[in-house]
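Protein chains: 2
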Amino acid sequence: MAIIAVGHKNPDTDTIVSAIAVADLYKKAYGKDVKPVAQGAVNPESKFVLDKFGLAAPEIVTDATGQQIILVDHTDLSQSLANLDKGEIVAVVDHHKLGDVTTTNPLEMWVWPVGCSCTVIKGMYDFFKVEVPKPIAGAMLCAILSDTVMFKSPTCTDADKKAVDALAKIAGVSDYMSIGVEMFKVKSAVEGTPMKDLLNRDYKDFDMSGKKVGIGQLEVVDLSILTPYKDGLYAEMEKAKKEGGNHSVFLLLTDIMKEGSEMLCLTDDPSVVEKAFGKKIEGKSVWLDGVLSRKKQVVPPFEKAFKG
Amino acid sequence: MAIIAVGHKNPDTDTIVSAIAVADLYKKAYGKDVKPVAQGAVNPESKFVLDKFGLAAPEIVTDATGQQIILVDHTDLSQSLANLDKGEIVAVVDHHKLGDVTTTNPLEMWVWPVGCSCTVIKGMYDFFKVEVPKPIAGAMLCAILSDTVMFKSPTCTDADKKAVDALAKIAGVSDYMSIGVEMFKVKSAVEGTPMKDLLNRDYKDFDMSGKKVGIGQLEVVDLSILTPYKDGLYAEMEKAKKEGGNHSVFLLLTDIMKEGSEMLCLTDDPSVVEKAFGKKIEGKSVWLDGVLSRKKQVVPPFEKAFKG
Ligand SMILES: [Mn+2]
Ligand SMILES: [Mn+2]
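Listed in order, the protein sequences are those of chains U and Z.
Counting along the first sequence from 1, when you hit position 292 you're at 292 in the UniProt record's numbering, and nothing is skipped either side.
Counting along the second sequence from 1, when you hit position 135 you're at 135 in the UniProt record's numbering, and nothing is skipped either side.
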């Protein structure tokens, strides 16, 4: 039976492309049969990327029972497959903080503090002296541009930029920034999308000192695109909070050109927002200047605030 | 302030040498000031290795408060520094199963399913194209011989053997196996050692489904060396169980020549031993044929047995 390579819930482009790339690399480096899968359907941005480079969307798998697993782009149980303890994690490739996943057996882990899992995977291709296939190289560079908001995010490192340069050469892409803008326009498209899908497009639950905290993010090229949808999104947040038994649900509406985020807030304890960001909620939201990265600029201050 | 590199409690040779080697590598690869430290004094085997290659024993540090930390050779909170959540883990280098350590920030992790953390570190030196200093190469090869019981342990991989070959060349060591035998003779020496020190020489507490389970190991070149000490060791295990509030304390008396272990057992539920190994405790112990590795042959079956 094939090992499965799988990213986090509500898959983003990095999670989808990392699963595809790691599967390719492990086949070639170790001769192992690895199948890329995903916990859900690909979002419009990922579909654009896969179509552009002629790659197939991964099959959907949501349960770990009896599987050998390579986890990509996450190490949090709440973002992972159901019944993870009934499968065996054989490897982890990630670029986030270390979460609460544990294993029973020794494993392989490639985790770097860079902007994108695909940057780690480029390093692994180099380490194992395996060539990145042309279509996978194209998709990987898009994943890096997506995760780093075209190099603007504070999570972006030199390693990410170098990886994009090298991958662009392999993929034969001469102007990757214009592909990036095209991709973010696809990502910004909200018309006709049900509110629920919009909230879930990039939504993650975190365990913060025992409290369930959901944080979603929508990145757009111009925040005004979202103005007509704020009330509908807030109503969806209320539903998600109730259904999930969450302490808090936050939604970052990120303007990648203005380089900041309006955060819609729904919480049992509004003081955590002030503790975390030194600003009070006005109405239903707070403007966070310069905040582009949930991972680096939102999760750590909230974790501190929830600690007490 | 320097970053500290630190291994697990009751440091063994791999933990000591990994801290020293990682500190050297991070200085050279990243230009960072890293200081190797340890959670306790070096054991006789490690002292032999450090003396042989002219290396100093690391300073003792037991609290993480306010420190930036590189964790080596473990990811279990119970084996780590006190107040780990009051420091910041910036990197992890290990070869064990993934434990319950988590972080608030993205980090670097190098974890491979090989016989010794020093094998991973040899791979890192290669990756960063940094030369291993001669004395550190000598100590690293001893750590690998120690952790893999001179390649006999089932945890030993081809990567471990290749690393030893390469490190021996760098260290100018022509007959590393005879150094290995010398080292294991030092390790086997028990005369004059207080029982408490003997139990603690390589002792680790694990959290198994909410139960505290201590597992120690003594490796000797001939099990009969330990016959006069069994009662004294058992009495120490009783003390440790009481003081630590443990559910169980096990001590592996490993005969590296016969390739098996007598496991002294002290537990609130003797059925876990039968569940884990299919053998009943006779008197105070059970003989486990072919069992040399706590990590690979003892911890996983116990974890399964404790799960129910
Ligand atoms: Mn990612
Ligand atoms: Mn070790």
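Hints in this document: simulated from the structure, not taken from any laboratory.
None of these values were measured; they are calculated from a predicted model.
Do not take every clue at face value.
Remember, identical chains collapse to one label, so a pair may be satisfied in a single copy or spanning two.
Here are the simulated DSSO-like pairs of lysine-lysine, each with C-alpha atoms no more than 30 Å apart in a straight line [as the list claims (entries may be wrong)]:
no.	residue 1	residue 2
1	Lys27	Lys129
2	Lys307	Lys204
3	Lys129	Lys161
4	Lys129	Lys212
5	Lys47	Lys32
6	Lys296	Lys27
7	Lys279	Lys28
8	Lys169	Lys134
9	Lys212	Lys52
10	Lys32	Lys258
11	Lys295	Lys86
12	Lys28	Lys296
13	Lys212	Lys241
14	Lys307	Lys28
15	Lys280	Lys27
16	Lys134	Lys279
17	Lys32	Lys152
18	Lys258	Lys230
19	Lys27	Lys279
20	Lys32	Lys296
21	Lys211	Lys129
22	Lys279	Lys161
How the hints compare with the structure:
no.: 1; hint: Lys27 - Lys129; verdict: both (13 Å within a copy, 26 Å between copies)
no.: 2; hint: Lys307 - Lys204; verdict: both (19 Å within a copy, 29 Å between copies)
no.: 3; hint: Lys129 - Lys161; verdict: both (20 Å within a copy, 21 Å between copies)
no.: 4; hint: Lys129 - Lys212; verdict: neither (42 Å within a copy, 44 Å between copies)
no.: 5; hint: Lys47 - Lys32; verdict: within (27 Å within a copy, 42 Å between copies)
no.: 6; hint: Lys296 - Lys27; verdict: between (32 Å within a copy, 25 Å between copies)
no.: 7; hint: Lys279 - Lys28; verdict: neither (51 Å within a copy, 42 Å between copies)
no.: 8; hint: Lys169 - Lys134; verdict: within (9 Å within a copy, 39 Å between copies)
no.: 9; hint: Lys212 - Lys52; verdict: neither (37 Å within a copy, 53 Å between copies)
no.: 10; hint: Lys32 - Lys258; verdict: neither (45 Å within a copy, 35 Å between copies)
no.: 11; hint: Lys295 - Lys86; verdict: both (28 Å within a copy, 20 Å between copies)
no.: 12; hint: Lys28 - Lys296; verdict: between (33 Å within a copy, 27 Å between copies)
no.: 13; hint: Lys212 - Lys241; verdict: within (9 Å within a copy, 36 Å between copies)
no.: 14; hint: Lys307 - Lys28; verdict: neither (44 Å within a copy, 36 Å between copies)
no.: 15; hint: Lys280 - Lys27; verdict: neither (51 Å within a copy, 43 Å between copies)
no.: 16; hint: Lys134 - Lys279; verdict: neither (46 Å within a copy, 55 Å between copies)
no.: 17; hint: Lys32 - Lys152; verdict: between (37 Å within a copy, 26 Å between copies)
no.: 18; hint: Lys258 - Lys230; verdict: within (18 Å within a copy, 71 Å between copies)
no.: 19; hint: Lys27 - Lys279; verdict: neither (49 Å within a copy, 39 Å between copies)
no.: 20; hint: Lys32 - Lys296; verdict: between (34 Å within a copy, 22 Å between copies)
no.: 21; hint: Lys211 - Lys129; verdict: neither (44 Å within a copy, 44 Å between copies)
no.: 22; hint: Lys279 - Lys161; verdict: neither (33 Å within a copy, 57 Å between copies)
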